[in-house]
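Enquirer: Here is what each chain is made of, one letter per residue.
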Amino acid sequence: MSSKKCYHCNDECTNVLHFDDKNFCCNGCKTVYEIFSSNNLSYYYDLQSGAGSTPKIIEGKYDFLDTKKIVEKLTEFNDENLQIVNLYIPKIHCSSCIWVLENLNKLLPAITNSQVNFPKKTIRISYNPTKSTLKDIVVLLTHIGYEPYISLDDVDNKKKNTDRSLIYKLGVAGFAFGNVMFLSFPEYFDLSSSKSSGGEFWLNQYQTIFRWLMFIFSLPVVFYASRDYFIAAYRGLRSKLLNIDVPIALGILVLFLRSTLEIIFNWGPGFFDSLTGLVFFLLLGKFFQQKTYSFLSFERDYKSYFPIAVTKILLNNIEETIQVHDIKKGDRLLIRNEELIPVDGILITKNATIDYSFVTGESEPVIKKSGDKVFAGGKQLNGAIEIDVLKSVSQSYLTQLWSNAVFQENKSSKFQTLTDSIGKRFTTFVLAIAFVSTLFWLFYDSSKALNVFTAVLIIACPCAIALASPFTLGNMLRIFGRKKFYLKDTQTIEKLAQIDTAIFDKTGTITTAKKSKAVYEGITLSSEEELLLKSTLRASNHPLSRSLYNMLAENDIATLDEYEEHIGKGIEGSINNKYIKIGSANYVGNTIPENDKNTSVYISTNDAYKGCYVFKNEYREGISDFFKTMSETIQVAILSGDNEGEKSRLEALLPKLTPLYFNQKPEDKLNFIKSLQDQNKKVLMVGDGLNDAGALAQSNVGIAISENVTIFSPACDAILDATKFKELYNYIIASKKAMRIIKWSFVLSLLYNVVGLYFAISGQLQPVIAAILMPLSSISIVVFTTVSTNILGKKLR
Amino acid sequence: MSVIYMLLAISILVAIIFFVAFIFSVKNGQYDDSYTPSVRMLFEDELVKKSPKEKEQTYPTK
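Chains L and F, in that order, are what the protein sequence lines are. Using the working numbering, the letters of the first sequence correspond one by one to residues 85 to 881. Using the working numbering, the letters of the second sequence correspond one by one to residues -2 to 59.
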């Protein structure tokens, strides 16, 4: 029976629905199949079987899309007869998805064009708003299992222009490099040596035009493509820092000036080939370093999770959709099932079951009673509720965290990379050599002094050094990405290698999000009672009932004679005059003092108390070993927002004397990290919920653990897939090794520089030598770093 | 007037044409999504299944 898979979503079917000789797990899946097959879209299932996802339909969830102002903000283009909208659909995962979403016009004729961007998981839809509104489209998408994710963020930060300037610069440099190489070919073979020595007459004749053409090609390279290096060097100098950009900018400038003088006074062909090649390789390194995971976002704040609009209830019971920013203190809001509570408020309706997993990472919903305070960020699970607003959005308990100064700072600007610190010494060294050798030649043969001075600056241009770091780290970034460890930028690897203290959040980080372990305490249940328990649990949709049901041993299921659910209390069911009550302690009539620190489900049969199932946090696999090896080199601490209920278990799991801190508020976590940093510690924070956002932003490296990387993670430096948690320490070690690779490639490139300097100081630097040495050193560095990082990556799991 | 000026002019012109083509393709977003087109080109063009009733059924919008 359990081998039957749903034709639409490929899930195991518990209640099989037969339709068209196919099995379906639920009505939702069946409906989607009907829609597809009746519109000739069943090719969907041929592309990939079981590709669909069960649609979750909530009535009225998208009513806010009727508001004109919101539609205006969401659409990219808005005209009387044409609207274009970009929607983020996290469910996009295979070629079937692309196909069906690009054939949307078969389902809704108003849609003229729909195009999927798979890596970004977005769809761009053009449609005629007079025939179908945006709401119709969103509802249709939801109906076929592709619910778009519309959040406050979509309204607030609109139209981020993608920065393509690096590609343009790379294009310009590559174009110029190729053409200059081609134009300087005759010079390489020395065909155009002076007429007196019997050079080739033909090319001799046109030498000037060739050279001036090279000059023209190098102009956009110097003044456009390499602009960033000049700007960075200028900024560095102004803040009295000798970063690696200073010798690069100096090298480019000297190359250009000397080459120009050479062709003006007809001294020689100039170094335009080396100049354009240098810039091209440098930009290539930059481009390689810039690996972005377009389906991930590292800059999310609460806005990415909050809804755009909510339903406000006016005095005369009229419902009105208002934007979240317009919510005022004292408003009464209607929060529907599965909706997020956007502000702090007081619960008016009787009971609410609120899931704070967005905030704390704790998956266990909290039961609230009328008059209780509910905090922003919770998700209502059990029917619609009404709340009275206490605070506006930006001042709520959770959201005010974002007014902290940490979120305004730019972390990366403060960090000095290894390349920069080497660059400082390198620049002083090069300038010293340049001046000393020039001085020497001034006395020895003053005609060569200027030649030597420029030659030193040209040959010492640290192209290879500047390439070592982008290629090593860029490749590491890709390797980590394949291991499901997604880093924001290459700098994060450098920072990770310096970590000496690691702080972990508890719930959702070192524990799994799903509670799958429960221990029974009390009088043993008879097999008849177990049957009754399981059959009753099966009827309930409460998350606790679901997980307890899945945990219980395989048992026959009997049909219940009676079943009733008391919201916020528990459930009861009966078979053959035996009845069972499952739920909170009060509800089942428990007299034993309640174990209030752990989540428990209490059971009584025929009014006699039996016992309870205590849910335990389940820790991730292998964390005991993980912390043991990690604590050998890195200081470890646990920072939890929960109570001390788990203290003894944690102590047993962790190495002795690991500091544990409980009841930490979001601000406390942030301040804790700050105080460690004041002691000159390099702190790694590993967390998962929005309540860790402050600590993640404050720490040197903030890693968010995520069960589903595409959907949920607060702003951070890196996102780690939850299944790879125990590999984290190996990743830190790998980043340390990557830094060692960079150091070795520095040594290698210094060797090239020494060889080049010999030619430069002795005054015999020919353009050919520069043209050979420069690409040779760059390419060998690229090969060395790529090969060694790949070897390093092979060892990772 | 030598032929080499002609040759130079032609070769540079060709290079510039390709360069401009590259700039335009970047500007039009051709490099923004390098994955989806590779999947899209494998789909069948049009799937006309001869359905007996030739029904013009569209999805009911509400």
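There's no promise every hint is true.
Capping the alpha-carbon separation at 25 Å, the derived lysine-lysine pairs in DSS-like fashion look like this [said to hold, decoys possible]: (1) L/Lys463 with L/Lys700; (2) L/Lys375 with F/Lys24; (3) F/Lys24 with L/Lys457; (4) L/Lys152 with F/Lys24.
Cβ-Cβ distance ranges computed for the label pairs, FRET-style [claimed, not checked]: (5) L/Leu321 with F/Ile1: 23 to 29 Å; (6) F/Tyr2 with L/Phe161: 45 to 51 Å; (7) F/Ile7 with L/Leu835: 28 to 34 Å; (8) L/Thr196 with F/Ile13: 34 to 40 Å; (9) F/Ser22 with L/Gln289: 36 to 42 Å; (10) L/Arg562 with F/Phe15: 37 to 43 Å; (11) L/Phe527 with F/Phe15: 47 to 53 Å; (12) F/Ile13 with L/Leu345: 23 to 29 Å; (13) F/Arg37 with L/Lys215: 42 to 48 Å; (14) L/Leu737 with F/Arg37: 45 to 51 Å; (15) L/Tyr842 with F/Ile7: 41 to 47 Å; (16) L/Glu164 with F/Ser22: 19 to 25 Å.
Rather than coming from a laboratory, the hints here were simulated on the basis of the structure. For every residue, glycine included, the Cβ atom is placed at its ideal position computed from N, Cα and C.
Enquirer: For every hint, state whether the structure bears it out.
Expert: Hint check:
1. L/Lys463 with L/Lys700: Answer holds: lysine 463 of chain L to lysine 700 of chain L is near 22 Å, not above 25 Å.
2. L/Lys375 with F/Lys24: holds (20 Å)
3. F/Lys24 with L/Lys457: Judged against 25 Å, a Cα distance of about 52 Å means the pair is violated.
4. L/Lys152 with F/Lys24: Between lysine 152 of chain L and lysine 24 of chain F the Cα gap is close to 31 Å, so the pair fails against 25 Å, i.e. violated.
5. L/Leu321 with F/Ile1: 23 to 29 Å: Since the Cβ atoms of leucine 321 of chain L and isoleucine 1 of chain F sit about 45 Å apart, the hinted range of 23 to 29 Å is violated.
6. F/Tyr2 with L/Phe161: 45 to 51 Å: holds (48 Å)
7. F/Ile7 with L/Leu835: 28 to 34 Å: Violated: the Cβ-Cβ distance is about 43 Å, outside 28 to 34 Å.
8. L/Thr196 with F/Ile13: 34 to 40 Å: At roughly 36 Å between Cβ atoms, isoleucine 13 of chain F and threonine 196 of chain L fall inside 34 to 40 Å, so the hint holds.
9. F/Ser22 with L/Gln289: 36 to 42 Å: holds (39 Å)
10. L/Arg562 with F/Phe15: 37 to 43 Å: For arginine 562 of chain L and phenylalanine 15 of chain F the Cβ distance comes to about 29 Å; the hint is violated.
11. L/Phe527 with F/Phe15: 47 to 53 Å: Roughly 52 Å apart at Cβ, these two residues keep to the hinted range, so it holds.
12. F/Ile13 with L/Leu345: 23 to 29 Å: Once the Cβ atoms are compared, 27 Å apart, the range 23 to 29 Å for leucine 345 of chain L and isoleucine 13 of chain F holds.
13. F/Arg37 with L/Lys215: 42 to 48 Å: violated (26 Å)
14. L/Leu737 with F/Arg37: 45 to 51 Å: Once the Cβ atoms are compared, 49 Å apart, the range 45 to 51 Å for arginine 37 of chain F and leucine 737 of chain L holds.
15. L/Tyr842 with F/Ile7: 41 to 47 Å: Since tyrosine 842 of chain L and isoleucine 7 of chain F have Cβ atoms about 42 Å apart, the given range 41 to 47 Å holds.
16. L/Glu164 with F/Ser22: 19 to 25 Å: At 32 Å between Cβs, range violated.
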